[in-house]
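Q: As a plain string of letters, each chain reads:
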Amino acid sequence: MSLAAFVDEAAIASGAAELRGAASTVAFDRVSVAYRGAVVLKPLTLEVAAGEILAMIGPSGSGKTTALRAVAGFVRPASGRIRIGGADVTDLPPYARGLAMVVQNYALFPHMRVFDNVAFGLHARRAPKALVEARVAEALSVVGMAPYVRRYPRELSGGQQQRVAIARALAVRPKVLLLDEPLSALDAQIRRSMVEEIARLHGELPDLTVLYVTHDQSEALTLADRIAILKDGALSAVGRTGDLYRRPPNRFSAEFLGRANLLSVVVESDADASGFVAVRAGDERLVVPGADDRVGATRLLCVRPQNLTLAPDGAHSNRLVGTLREIHWQGELTHLVAQVGDALLRVVATRLPTIPARGERLEMFFAPADASLIAEDADV
Amino acid sequence: MLVWSRSGKLAVWSFAALLVGIVFLAPLAVILAASFAGQWNGVLPSGFTFEHYRQAGDGASGEAVFASLATGVVASLLALISGAWAALALRSQGGGAARTLGVLFFVPSAVPSVSVGLSLLVAFSQKPLLLNGTTAIVFIAHFVLISAFSFGNVSAGLARVSPDFEEVASCLGATPFYRLRRVTLPLVAPYLFAAFGLSFALSMGELGATVMVYPPGWVTLPVAIFGLTDRGDIFSGAALTIVLVAVTLALLLALERISSVQTQARNG
Amino acid sequence: MSDAAASPHGARVDLGALWIAPPLIALAVLFLYPLTLIAHAAVYDSGDALNLAAAWATLGSRAFVNALVNTAEIALASTAGSLALGLALALIIAFVPFPGATFVARLIDTFIALPTFLATLAFTFLYGSAGVLNGALMQSLHLADPPVHFLYSAWGVILAEVTVYSPFVLRPLLAAFSLVDRGQIEAASLLGARPWRIVRQVILPAALPAAIAGGSLCLLLTVNEFGIVLFIGAKGVITLPLLIYDKAIQESDYQAACVIAMVNVALSLGLFGLYRLAARRLGA
Numbered sequence: 001m002s003l004a005a006f007v008d009e010a011a012i013a014s015g016a017a018e019l020r021g022a023a024s025t026v027a028f029d030r031v032s033v034a035y036r037g038a039v040v041l042k043p044l045t046l047e048v049a050a051g052e053i054l055a056m057i058g059p060s061g062s063g064k065t066t067a068l069r070a071v072a073g074f075v076r077p078a079s080g081r082i083r084i085g086g087a088d089v090t091d092l093p094p095y096a097r098g099l100a101m102v103v104q105n106y107a108l109f110p111h112m113r114v115f116d117n118v119a120f121g122l123h124a125r126r127a128p129k130a131l132v133e134a135r136v137a138e139a140l141s142v143v144g145m146a147p148y149v150r151r152y153p154r155e156l157s158g159g160q161q162q163r164v165a166i167a168r169a170l171a172v173r174p175k176v177l178l179l180d181e182p183l184s185a186l187d188a189q190i191r192r193s194m195v196e197e198i199a200r201l202h203g204e205l206p207d208l209t210v211l212y213v214t215h216d217q218s219e220a221l222t223l224a225d226r227i228a229i230l231k232d233g234a235l236s237a238v239g240r241t242g243d244l245y246r247r248p249p250n251r252f253s254a255e256f257l258g259r260a261n262l263l264s265v266v267v268e269s270d271a272d273a274s275g276f277v278a279v280r281a282g283d284e285r286l287v288v289p290g291a292d293d294r295v296g297a298t299r300l301l302c303v304r305p306q307n308l309t310l311a312p313d314g315a316h317s318n319r320l321v322g323t324l325r326e327i328h329w330q331g332e333l334t335h336l337v338a339q340v341g342d343a344l345l346r347v348v349a350t351r352l353p354t355i356p357a358r359g360e361r362l363e364m365f366f367a368p369a370d371a372s373l374i375a376e377d378a379d380v
Numbered sequence: 001m002l003v004w005s006r007s008g009k010l011a012v013w014s015f016a017a018l019l020v021g022i023v024f025l026a027p028l029a030v031i032l033a034a035s036f037a038g039q040w041n042g043v044l045p046s047g048f049t050f051e052h053y054r055q056a057g058d059g060a061s062g063e064a065v066f067a068s069l070a071t072g073v074v075a076s077l078l079a080l081i082s083g084a085w086a087a088l089a090l091r092s093q094g095g096g097a098a099r100t101l102g103v104l105f106f107v108p109s110a111v112p113s114v115s116v117g118l119s120l121l122v123a124f125s126q127k128p129l130l131l132n133g134t135t136a137i138v139f140i141a142h143f144v145l146i147s148a149f150s151f152g153n154v155s156a157g158l159a160r161v162s163p164d165f166e167e168v169a170s171c172l173g174a175t176p177f178y179r180l181r182r183v184t185l186p187l188v189a190p191y192l193f194a195a196f197g198l199s200f201a202l203s204m205g206e207l208g209a210t211v212m213v214y215p216p217g218w219v220t221l222p223v224a225i226f227g228l229t230d231r232g233d234i235f236s237g238a239a240l241t242i243v244l245v246a247v248t249l250a251l252l253l254a255l256e257r258i259s260s261v262q263t264q265a266r267n268g
Numbered sequence: 001m002s003d004a005a006a007s008p009h010g011a012r013v014d015l016g017a018l019w020i021a022p023p024l025i026a027l028a029v030l031f032l033y034p035l036t037l038i039a040h041a042a043v044y045d046s047g048d049a050l051n052l053a054a055a056w057a058t059l060g061s062r063a064f065v066n067a068l069v070n071t072a073e074i075a076l077a078s079t080a081g082s083l084a085l086g087l088a089l090a091l092i093i094a095f096v097p098f099p100g101a102t103f104v105a106r107l108i109d110t111f112i113a114l115p116t117f118l119a120t121l122a123f124t125f126l127y128g129s130a131g132v133l134n135g136a137l138m139q140s141l142h143l144a145d146p147p148v149h150f151l152y153s154a155w156g157v158i159l160a161e162v163t164v165y166s167p168f169v170l171r172p173l174l175a176a177f178s179l180v181d182r183g184q185i186e187a188a189s190l191l192g193a194r195p196w197r198i199v200r201q202v203i204l205p206a207a208l209p210a211a212i213a214g215g216s217l218c219l220l221l222t223v224n225e226f227g228i229v230l231f232i233g234a235k236g237v238i239t240l241p242l243l244i245y246d247k248a249i250q251e252s253d254y255q256a257a258c259v260i261a262m263v264n265v266a267l268s269l270g271l272f273g274l275y276r277l278a279a280r281r282l283g284a
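Residue numbers (my numbering), protein chains in the order written: chain A, 1 to 380; chain B, 1 to 268; chain C, 1 to 284.
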């Protein structure tokens with residue numbers, strides 16, 4: 001199977017120019033949505049770059065699904081405009097926007113075989129027969145479902161159905177691919193392999209812009225180039241995945257994206273040449289990255305559980321002392337909970353030379369670069 | 001699981017069998033027997049004969065079979081189209097107005113059939129539309145009486161179709177008509193079949209409105225059967241009734257066969 | 001078929017609202033317009049003059065009052081009978097299952113597809129003067145005259161209507177019973193409750209909404225029933241629909257027929273409203 005053939009359709013049909021889906025940008029321009037008088041999405045301004053995967057995550061009711069449906073055209077914004085590839089599509093019906101969608105419950109048409117399902121978008125857009133057959137074949141082999149082309153959806157498992165749904169979306173070469181919690185209906189094990197599938201797909205189709213809505217932060221961390229965190233209908237934080245994870249801008253994103261230990265500290269010194277400041281946590285003096293933090297300010301120190309270790313070495317120069325409250329061995333990892341002052345800190349360790357006992361004094365170490373400071377009130 | 005003892009169960013089952021037998025099966029059996037009987041004095045019929053059925057085949061009775069079939073098929077098709085159209089249109093609206101209109105479409109099923117017949121007689125015996133004495137008025141009467149059932153059936157079916165299907169279809173590029181044709185209607189197909197079957201059965205048995213408006217040349221089976229029994233010719237009436245029942249059941253069975261073949265393919 | 005969804009702030013003209021027009025127009029022309037005409041004909045005589053006196057006369061006439069009373073009595077009795085029969089059969093089919101129970105339920109369901117007068121015709125053979133029951137009784141008891149006459153009275157109508165309309169009660173009851181938690185019944189049995197107690201305290205409360213919905217539907221249908229009453233053809237048994245038929249077709253007295261029809265329609269619409277209310281309580 002040659003990806004070049006998938007991308008190059010010039011040899012197949014000359015009149016199919018409109019099906020040539022180039023990577024497109026998506027722009028929310030102060031888009032707000034109201035439902036029966038209540039504001040479901042506050043004015044949102046957000047840009048998705050061409051060819052990137054942007055994950056929109058947040059708890060239920062955060063407005064992430066509403067934002068996705070606004071892009072699709074199922075929901076009409078109360079104010080603001082939506083632009084795809086620079087063109088204002090706010091007044092266009094869903095079928096004229098050149099998009100494709102994959103939903104949680106697959107929504108494969110039960111009365112059609114796999115072939116007709118995957119070909120649906122192409123038939124709806126009146127693609128010539130040769131192009132349809134070529135696209136369907138390519139789409140099915142990209143997701144690994146080519147042998148099932150004559151089956152009915154009811155004969156397929158959940159994971160297989162979702163692959164066909166993805167093929168159905170890819171076949172039309174959409175400007176933007178919309179994914180609405182696509183893995184939520186799958187078993188945990190299938191979900192893990194599907195996440196890897198999607199990552200592989202995105203690698204093979206660098207032209208595909210993807211808007212991915214999920215409540216599962218581990219999916220977002222694995223797949224997304226950038227993440228937008230929504231809360232109560234508004235954007236709480238947005239940024240590149242790594243940056244957002246290592247330097248969360250506010251408490252909500254620190255706690256929603258991965259797990260975080262948050263400790264109240266006071267800044268003690270100005271930033272030095274390499275951008276580190278000294279802070280005080282109880283009796284301990286710690287060195288962490290900081291820039292705009294003035295002396296005397298109160299901050300939240302954020303350090304992830306897996307970055308705390310019980311065995312010191314040169315790199316992990318920061319130390320916290322507490323009392324062990326709980327310890328749970330879970331096979332791959334050991335979870336510990338220690339009380340430091342008023343706060344409970346979680347530690348995740350893969351290897352423990354000795355097993356500490358409950359009530360023991362516990363020393364925990366972390367490297368300066370593995371922590372960050374959050375302004376307490378920086379909650380959007 | 002209410003009754004545990006063997007004797008208790010047997011007692012209950014016998015009671016049930018008696019009820020079902022007397023109330024439901026006996027009438028059917030008796031009419032079937034009468035349709036083959038030369039005469040019936042006393043407990044059992046006598047004189048086995050096909051004469052009544054032969055008579056049912058020709059002349060006025062044969063025409064009645066045709067009239068009932070034609071009326072049934074035409075009225076049911078119209079009712080299906082109208083009911084499905086209304087159900088689809090109202091569903092995409094939602095809100096209070098849609099609910100009120102929905103109730104309005106159910107009202108014809110509540111109004112007594114004789115009154116419907118009378119109203120059509122009165123309305124179409126005068127300007128601007130003169131239909132008195134035509135077959136069209138019979139079609140209209142049946143259509144009005146059965147359209148509510150198609151509407152109800154299709155509405156129920158549409159309510160069970162997940163909005164996901166139509167949304168995804170839309171997103172993939174399907175215009176509203178394309179979506180209706182290739183996604184929505186196939187998904188409610190079982191309900192369409194059921195609606196047609198029910199409408200047809202109701203039309204075949206309709207008497208109250210038909211007897212008020214029918215023209216001499218268009219006698220349906222129920223009207224013909226009444227004519228026979230009113231004259232005392234109850235055996236021929238019985239035979240014609242069996243013909244009516246047989247035709248109705250045959251069509252219902254055929255519909256069910258077609259419908260289940262379709263659902264087999266998609267649901268297993 | 002519009003695509004505009006949740007937001008009420010859309011400024012786009014929604015063509016979707018107009019799609020309801022064709023069926024609505026058909027309904028208006030073929031159903032509502034004729035109904036208004038009979039309302040008109042009820043109070044205006046053939047000379048197009050307002051003639052309320054004739055309307056009152058009809059409403060006060062013995063024939064009308066008798067028909068009204070008959071209709072009410074027969075409808076109530078038939079509904080009660082259908083409820084009793086439907087409940088008994090539903091209980092047995094749902095809770096004392098026997099092989100073929102579903103087949104029996106489906107068979108009874110099919111009866112809904114059959115014409116209503118079929119029951120009456122059958123009864124003529126079963127319970128008529130020259131019928132099976134009379135024949136058997138006369139033979140075995142050596143009687144000269146047929147002892148059983150109920151067919152040519154209101155009881156004949158009632159029995160036929162119970163036969164025809166109990167499936168309408170049976171279906172919702174079976175549906176309601178299928179939702180009753182079997183675990184509850186088994187637990188009650190283990191605790192020593194006799195069957196009647198279980199029925200009373202566990203099953204009937206579950207059945208009540210379905211019974212009310214089915215019962216009000218039955219009431220509506222029996223008030224409107226025509227074929228059965230026509231086929232019975234008994235002199236003393238005249239219901240409103242039959243009276244309308246007599247007035248219009250036999251006597252050509254259209255004004256009287258329209259007056260009675262208005263009463264019949266009003267009664268039916270009232271019962272229909274009751275049924276919708278009951279069905280909504282059921283959660284339908």
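By construction, these hints were calculated from the structure, which means they are not laboratory data. For clarity, every value in this text was computed on a predicted model and none was experimentally measured. Idealized CB from N, CA, C, for every residue including glycine. Wrong hints could be hidden among the right ones.
To be verified - What follows is a list of derived Cβ distance ranges for each label pair:
no.	chain 1	residue 1	chain 2	residue 2	range
1	B	P216	C	D45	26 to 36 Å
2	B	W13	C	A54	54 to 64 Å
3	A	H215	B	W13	34 to 44 Å
4	A	S218	C	P205	25 to 35 Å
5	C	R281	A	R126	32 to 42 Å
6	C	A17	B	V74	50 to 60 Å
7	B	P216	C	A63	42 to 52 Å
8	A	H215	B	S7	41 to 51 Å
9	C	L191	B	Y53	21 to 31 Å
10	C	S61	B	P216	27 to 37 Å
11	B	A246	C	A84	43 to 53 Å
12	C	V29	B	L10	36 to 46 Å
Q: Would you mind marking each hint as holding or not holding in the structure?
A: Against the structure, the hints:
1. B:P216 to C:D45: 26 to 36 Å: holds, 28 Å
2. B:W13 to C:A54: 54 to 64 Å: holds, 59 Å
3. A:H215 to B:W13: 34 to 44 Å: violated, 54 Å
4. A:S218 to C:P205: 25 to 35 Å: violated, 48 Å
5. C:R281 to A:R126: 32 to 42 Å: About 50 Å separates the Cβ atoms of R281 of chain C and R126 of chain A, which means 32 to 42 Å is violated.
6. C:A17 to B:V74: 50 to 60 Å: Cβ of A17 of chain C to Cβ of V74 of chain B: about 30 Å, so the range 50 to 60 Å is violated.
7. B:P216 to C:A63: 42 to 52 Å: The hinted range 42 to 52 Å is violated for P216 of chain B and A63 of chain C, with Cβ atoms some 28 Å apart.
8. A:H215 to B:S7: 41 to 51 Å: 59 Å Cβ-Cβ, so the 41 to 51 Å window is violated.
9. C:L191 to B:Y53: 21 to 31 Å: violated, 60 Å
10. C:S61 to B:P216: 27 to 37 Å: holds, 31 Å
11. B:A246 to C:A84: 43 to 53 Å: Given range 43 to 53 Å: violated, Cβ gap about 32 Å.
12. C:V29 to B:L10: 36 to 46 Å: violated, 59 Å
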